[in-house]
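Engineer: Sequence:
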Amino acid sequence: MRTALLRVRFSFRAFDSRFPLFMEPPYGGQKMRATWFAFLLLLLAAEALAQSKPCTLDQWISVAETSSPSLIAADARVEAAGHDAEGAGNWPAPVVGYGWFVRPVETRLGPQEHKLSLTQALPVFGRSGLRSRTAAAAAEATRARRQATSEAIRYRLTLLWNELWLLEQSRQIAAEDLQLVGALHASALSQYRAGRVSQAAVVRIELELERSRDALRRQEDERAPLLARINAELGRGSFEDLSGGDRLSASGHAPPLESLRVQLSGNAGLAAARGQSTVAQSRSELASRERWPSLSIGGDYIFIGEAIQPGLKDSGQDAILLRAALQLPWPTAGASDQAARQKALQVAARADESALALQLAAELESVHFDYREASRRLELLDISLIPSADLALSVTRSSFAAGESSVGDLIEIRRTRLNLARELVSVSAERANSIARLELLVSAPFHPVEED
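In short: position in the sequence shown from 1, add 14, done, that's this note's numbering.
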């Protein structure tokens, strides 16, 4: 803000130098300066407000990336897993000890009074490298889960974006229908005054008019709860306003099914399952190696006092003791159970990975079918059904004005046209949602080829 004010002041100086007469009394002066300064401050405030109000789908996603609690938690887990991976291959910490002889042990060179000891366990038989690989695989699986969380949020925001578009289109359709029914009501009143239709026919159209008004009010009231759901996904307050939904998230063609089958292996959830399977395999191997012997080395520095016999050579010379220990695992049931448990978890992780791969493959077939079906219905509505309904409505209105059609015929064709218009926008949203679901399945946003 300070930088912006400095720029404003600099611009005023430049304005004074270029247009000195304009800034002098009676046209300018201090009052004019204050007016221009307030005007520029309003412009800056409006720009800041516009920047804080996301209005595109990409801006929605950017806001969610920085404020979504789910992604904040996922980022924290990724960071924690990274720290675990960094220290997983380190050697165990050495053990430093101190001992004091309550009763000094007399030796030829003098009494043993106290000692210092140092012990270091050695990660033999590849345990250190295996722990490091296990932690690295766990960190990679955590990153894949974070990616899956991000893509799931993007998918849910895309659905909400399309739902907001659908709500706005439905509101416009309801408003146009209300205008149409109002025109039909006016025509029916004219026919009633001319004695061509009965009062019951006018009442029927008035009922349709009230229904149209109620439908429009319902469409307008549905915006508030939808915005609350969107703000919750964005990690914002439920009452914060936002804009968007001015167009569908996608309107072109999705890639062929054969291409998507190849890309399915890159699914983030499947990558996380593969990573978890690798972690389970490493843990199973590590548990089996825990039953192998372990080695440790160390040394003691023994402090020796002066010998009782005076003049003895090397009297009071400290002693150094080197140690090596081999820990032999005792064949207990606990170690065997732990190894068997990790082996069972490895089998379960592999089965989960296979099940997820089959589920994703089946879902890909189903979603691509939904996309093709929505495309077919959209083409049928746009090319055939809606133009035919428009023509039928126009002909029926003309016939009704001429007294050749009844109010029932007019209401029926108007309802048919209204339902087709609603179906058109609904199918358009379903088609865009299918494309978003396909992007989620392959974890790679593609750019649909725009239709001609």
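It should be emphasised that the hints constitute simulated quantities derived from the structure, not laboratory data.
For glycine and all other residues, C-beta sits at the position ideal for the given N, C-alpha and C.
Among the hints, a few may not be true.
If you anchor each label on the Cβ, the simulated ranges turn out as follows [claimed, not checked]:
1. 368 - 459: 43 to 51 Å
2. 265 - 209: 45 to 53 Å
3. 302 - 81: 39 to 47 Å
Below are the EDC-like pairs computed for lysine to aspartate or glutamate, each with C-alpha atoms no more than 16 Å apart in a straight line [stated by the list, open to error]:
4. 357 - 304
5. 357 - 299
6. 129 - 314
7. 129 - 332
Engineer: Compare the structure with the hints numbered earlier in the document and write down the numbers of the violated ones, lowest to highest.
Structural biologist: Violated: hint 1 alone.
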